[in-house]
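Chain A is already provided as a structure; the job is to place chains B and C on it using the hints.
Chains as they are written, first to last, in my numbering: chain A, 1 to 275; chain B, 1 to 318; chain C, 1 to 341.
Keep in mind that the hints were calculated from the coordinates and are not lab data.
The reader is advised that the hints may include incorrect statements.
Label-pair ranges, simulated between beta-carbon atoms [stated by the list, open to error]:
hint	chain 1	residue 1	chain 2	residue 2	range
1	A	Ser28	C	Arg112	38 to 46 Å
2	C	Lys19	A	Glu165	52 to 60 Å
3	A	Thr56	C	Asp284	29 to 37 Å
Not everything, but these chain C residues come out facing chain B in the computed CB check (under 8 Å) [claimed, not checked]:
hint	residue
4	Gly56
5	Ile61
6	Lys62
7	Ala80
8	Glu82
9	Ala147
10	Ser154
11	Asp155
12	Gly179
13	Val184
14	Asn185
15	Trp186
16	Leu190
17	Gly191
18	Lys193
19	Gln332
Ideal Cβ positions, reconstructed from N, Cα and C, are used throughout, including at glycine.
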Amino acid sequence: MSLRRFTNGFMTALCALALLVALVPLVSLLWLVVSHGVKGLSLDFFTAIPAPVGETGGGVANAIAGTLYIVGIACAFGVPLGVGAGVYLAERGDSPLGDAIRFTAEVLSGVPSIVVGIVAYALVVLPMRRFSALAGGAALAVLMVPTLARSTEELVRLVPRSLREASLALGVPEWRTSLRVVLRTALGGIMTAILLAVARAAGETAPLLFTSLNNQYWNWRVDQPTASLTVQIFNYAVSPYQDWHDKAWSAALVLLLLVGTLSLAGRLLSRSRVR
Amino acid sequence: MTRPRAVEQTPAARANLPDRAWAAVLTVLGLAVLAVAAMIIAELLRVGGPALKHTGLIAFVGNSVWDVTRDVYGALPFIYGTLVTSGVALVLALPVSIGLALFLTEMAPARMRSIVSFPIALLAGIPSVVYGLWGLFVLVPILRNPIEPLLARTHLPIFTGAPIGLGYLAAGVVMAIMILPTITSIAIEVLQTVPGALREAALALGATRWEAIRIAVLPYARAGIVGATMLGLGRALGETMAVTMVIGNSPTIRASLFAPGYSLPAVIANEFAEASGDMQTGALAALGLLLFAVTVLLNIAARVLVRMSRRGPARVAA
Amino acid sequence: MKKIILIATLLSSAAFADKLLINGAGATFPFPIYSKWFSEYNKLHPDVQINYQSIGSGGGIKQITEKTVDFGASDAPMSAEEMGRAAGIQHIPTVMGAVVVVYNVSSISELRLSPETLAGIFLGKITRWNDPTLAKDNPKAKFPDAAITVVHRSDGSGTTSVFTDYLAKVSPEWKAGPGQGKSVNWPTGLGGKGNEGVTGTVKQTDGGIGYVELAYANQNKLTPAELKNHDGAWVKASLESVSAAAGKAEIPDDYRVSITDAPGKDAYPISGFTWLLVYKDQPDAQKGDALVRFLWWAIHDGQKMAAALDYAPLPAPLVRKVEATLKSITVQGKAVLAERK
Chain A
1 MSLRRFTNGF MTALCALALL VALVPLVSLL WLVVSHGVKG LSLDFFTAIP APVGETGGGV
61 ANAIAGTLYI VGIACAFGVP LGVGAGVYLA ERGDSPLGDA IRFTAEVLSG VPSIVVGIVA
121 YALVVLPMRR FSALAGGAAL AVLMVPTLAR STEELVRLVP RSLREASLAL GVPEWRTSLR
181 VVLRTALGGI MTAILLAVAR AAGETAPLLF TSLNNQYWNW RVDQPTASLT VQIFNYAVSP
241 YQDWHDKAWS AALVLLLLVG TLSLAGRLLS RSRVR
Chain B
1 MTRPRAVEQT PAARANLPDR AWAAVLTVLG LAVLAVAAMI IAELLRVGGP ALKHTGLIAF
61 VGNSVWDVTR DVYGALPFIY GTLVTSGVAL VLALPVSIGL ALFLTEMAPA RMRSIVSFPI
121 ALLAGIPSVV YGLWGLFVLV PILRNPIEPL LARTHLPIFT GAPIGLGYLA AGVVMAIMIL
181 PTITSIAIEV LQTVPGALRE AALALGATRW EAIRIAVLPY ARAGIVGATM LGLGRALGET
241 MAVTMVIGNS PTIRASLFAP GYSLPAVIAN EFAEASGDMQ TGALAALGLL LFAVTVLLNI
301 AARVLVRMSR RGPARVAA
Chain C
1 MKKIILIATL LSSAAFADKL LINGAGATFP FPIYSKWFSE YNKLHPDVQI NYQSIGSGGG
61 IKQITEKTVD FGASDAPMSA EEMGRAAGIQ HIPTVMGAVV VVYNVSSISE LRLSPETLAG
121 IFLGKITRWN DPTLAKDNPK AKFPDAAITV VHRSDGSGTT SVFTDYLAKV SPEWKAGPGQ
181 GKSVNWPTGL GGKGNEGVTG TVKQTDGGIG YVELAYANQN KLTPAELKNH DGAWVKASLE
241 SVSAAAGKAE IPDDYRVSIT DAPGKDAYPI SGFTWLLVYK DQPDAQKGDA LVRFLWWAIH
301 DGQKMAAALD YAPLPAPLVR KVEATLKSIT VQGKAVLAER K
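Same shape as in the complex, but just chain A (with noise of 0.2 Å):
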């Protein structure tokens, strides 16, 4: 009996333990994170581009827009594309096509971002002959897709069917009862993945290496290379410089601020609607 407790007693407790050891690194780098990063921040490194080699100063305003303007991008063909993708599996996925593309979506959703990387380059930087924001974006599109289709699927069949009837009894044709009704309705939730999926965009680097690669200057052009915060981090993180290993820190700061506030936003979001 006594064995039989205390083994009870000692697998509870080494669960308890697993708790505390998944939180070391995230504290650990949560405090890291802040600490080392507040210290770079300044107004120039909000408003500045980035300084030549070996010189301090300069900011990373133009990797912070840069991020933002590929991240548009990758929402203005991704978004769309998910979310009716999503609509589809919805309302006319129960057939052998719309498990395939259900099956697809799922697997899609598990390809490393770096074989996308791959094949943007392939498709948009090497037809049009130049390291894109474009290419970025759409490659960034491509990840996007699978996760948003899957999950606007689940949220459109939260929609009550009697919702959907009623208002096609009314004579309301199907597809404004689609956008009307349903949508409208799913609204909330697809706003939520729509976030996080944002979130999840914002921090991925691999893609970016060889698509809009990098830019010490602003750029709006969605044809010429464009800065993001995270090839910018991974550049300070890997040179010799202390003042760019600062400002690594920094930018890890924003780009984690930058993330968590989408995350965040999205997950009120979802809460304020169920409740």
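Same frame as chain A, but now just chains B and C:
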């Protein structure tokens, strides 16, 4: 507004055209998902296929030499590095994830679960490059001293050589932290599907809580937990940035975990933009194809397992 | 409403449309000086922005061949095979630099490396700092009993090309083994991305040794090792010793030349030119024009900034020669600089 016209048109006919158009638009968007998948496979095959054909799959996968100067391309060092680092990651992450999932579903009060679920989601949302930054400046120095010298005292062959910090071990540890939330959250999901009656029956028979878990809960959830592990493994295999920053980028095969190595995604990240000639570009795309194929298969298997366990243990636990 | 649109258009054209963005990519070896040049040139000509990404010489050659950038940069001359893939490419030498061997051993402040020792270390034959061959080169130094961690490049690199070109000249074993190239099959060591990555890794790794461009060593306060040159003299890397290496070299018309292991008592043995890669006929009128004018500025005014960043300026006769080459570059068939003297 449109009512007067309904006199000359039946409602069905009136609704027909826009409805058909809407259905067509939806179908096109749905098909686009298939098109994207087809595009990825087609491009990888187009770029990587010739190189793979030229050397042959077996020779490509089995060759341990990657010598760009002499146009010899073997994938083995990268496959080995990917497997070793993923293995380290699983060994480290799996017990913690399952312990954590059990603690949160079976032991801790329900409120705690909702509180803890947030930091876990947070861990999952941290971008890879930030893990890399942390790995490079925090983890690697700790590994170099004191962890690797301490491990070296065990005299195990996997813990030999100079404690550099950068290498398989560092990559494995960073990966472990990154896949922890994936495995944990799916394991929680799976454990929650275990019927309460099973647990209660075991407890009623006088089992302690741990015994109930061992006898009733774990067998039921086994397939699902294996699936969760495979999904975590899938994420580990494709992990690029954090690994590139800490693995040491050396296309060699070493037994010691302290040694620098290389992984499939890391070599693509480092060499793809500069690969000269069709041979190197092709070989790198072939590595991408390999990575794609492995992660897709793993994902399919994992999802089948998770789904099976959601439906119940009948076909699984037996 | 129309007014608003007009103002918005004016504003946006003022902000963006007038700027000419020229994209370049390649070598990390000259990145510090290029970065300075592009920044200074932008101050002189605010309407021209030159975006340069240091992705490595291999990347520079590949991307200019694929024409995804407007110019490439490399410190390894393109091979005949690579030239074949990029018809009409022209090498323009910009500055000279030294590849230096840097190390991170706190108890050693000066290090001498004979060619045999250097090759031994990078071949993985000499694995500890207290190896007798190192003591032979450095009788006074007190070496620790610690492992040597070699750091090399993980990307295709002109710096690697210059370094392995030297090793292949001085060590038959190296020539038969890893050989010479932009990225070779390293027998040992860690890979770092770019000169930046190698410098960073050496700085962080006790017992580390790596090869980087002189500017990176000086900017990061790493002391380069002294090397034994072709004439058997110990030399430090400096502007003078690099210039001495180039002094006797015969430079061919396409500028593709190696000056490693050069003869001369003062010549630093791992010196090299670095080149910008441009097409002889520029396809884009505006960009081509701006690019050629920038190059002209770089080989004249730009040279004055070289020394401060530890690069050796081009010798005067060579500048003369490059002037002629620049004048021969055409933009959509027309020469731009023909009128310059």
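Right, here's what the structure says about each hint:
1. Separation of Ser28 (chain A) from Arg112 (chain C) is about 42 Å and conforms to the stated range, judged on CB atoms against 38 to 46 Å.
2. A hinted range of 52 to 60 Å for the beta carbons of Lys19 (chain C) and Glu165 (chain A) is consistent with their spacing of about 58 Å.
3. At roughly 35 Å, the beta-carbon separation of Thr56 (chain A) and Asp284 (chain C) lies within the given 29 to 37 Å, and the hint holds.
4. Hint status for Gly56 (chain C) relative to chain B: holds, with the closest Cβ pair at about 5 Å, below 8 Å.
5. Hint on Ile61 (chain C) holds. Least Cβ distance to chain B is approximately 6 Å, under the 8 Å limit.
6. Below 8 Å, beta-carbon pairs count as interface contacts, and Lys62 (chain C) has one with chain B at about 5 Å; its hint therefore holds.
7. Restraint check, Ala80 (chain C) versus chain B: the minimum CB separation of about 13 Å is more than 8 Å; hint violated.
8. Here the hint on Glu82 (chain C) is kept, as its CB sits about 6 Å from the closest CB of chain B, short of 8 Å.
9. A least Cβ separation of about 4 Å between Ala147 (chain C) and chain B falls short of the 8 Å threshold, and the interface hint therefore holds.
10. Nearest Cβ of chain B to the Cβ of Ser154 (chain C): about 4 Å, under the 8 Å cut. The hint holds.
11. Given the 8 Å rule on beta carbons, the hint for Asp155 (chain C) holds: about 6 Å separates it from the nearest Cβ of chain B.
12. The restraint placing Gly179 (chain C) at the interface with chain B holds, with a minimum CB-CB distance near 5 Å, inside the 8 Å limit.
13. Checking Val184 (chain C) against chain B: minimum C-beta separation of about 5 Å stays under 8 Å; hint holds.
14. A hinted interface residue such as Asn185 (chain C) counts as satisfied when its beta carbon comes closer than 8 Å to some beta carbon of chain B; here the least separation is about 4 Å, so the hint holds.
15. Against a cut-off of 8 Å between C-beta atoms, the interface hint on Trp186 (chain C) holds, since the closest Cβ of chain B lies about 7 Å away.
16. Against a cut-off of 8 Å between C-beta atoms, the interface hint on Leu190 (chain C) holds, since the closest Cβ of chain B lies about 4 Å away.
17. Of the supplied interface hints, the one on Gly191 (chain C) holds, with its beta-carbon coming within about 3 Å of a beta-carbon of chain B, less than 8 Å.
18. Annotation: interface hint on Lys193 (chain C) holds; nearest CB of chain B at approximately 6 Å, less than 8 Å.
19. Residue-level restraint check for Gln332 (chain C) is violated (minimum Cβ-Cβ distance to chain B is 28 Å; threshold 8 Å).
The earlier numbered hints that this structure contradicts are 7, 19.
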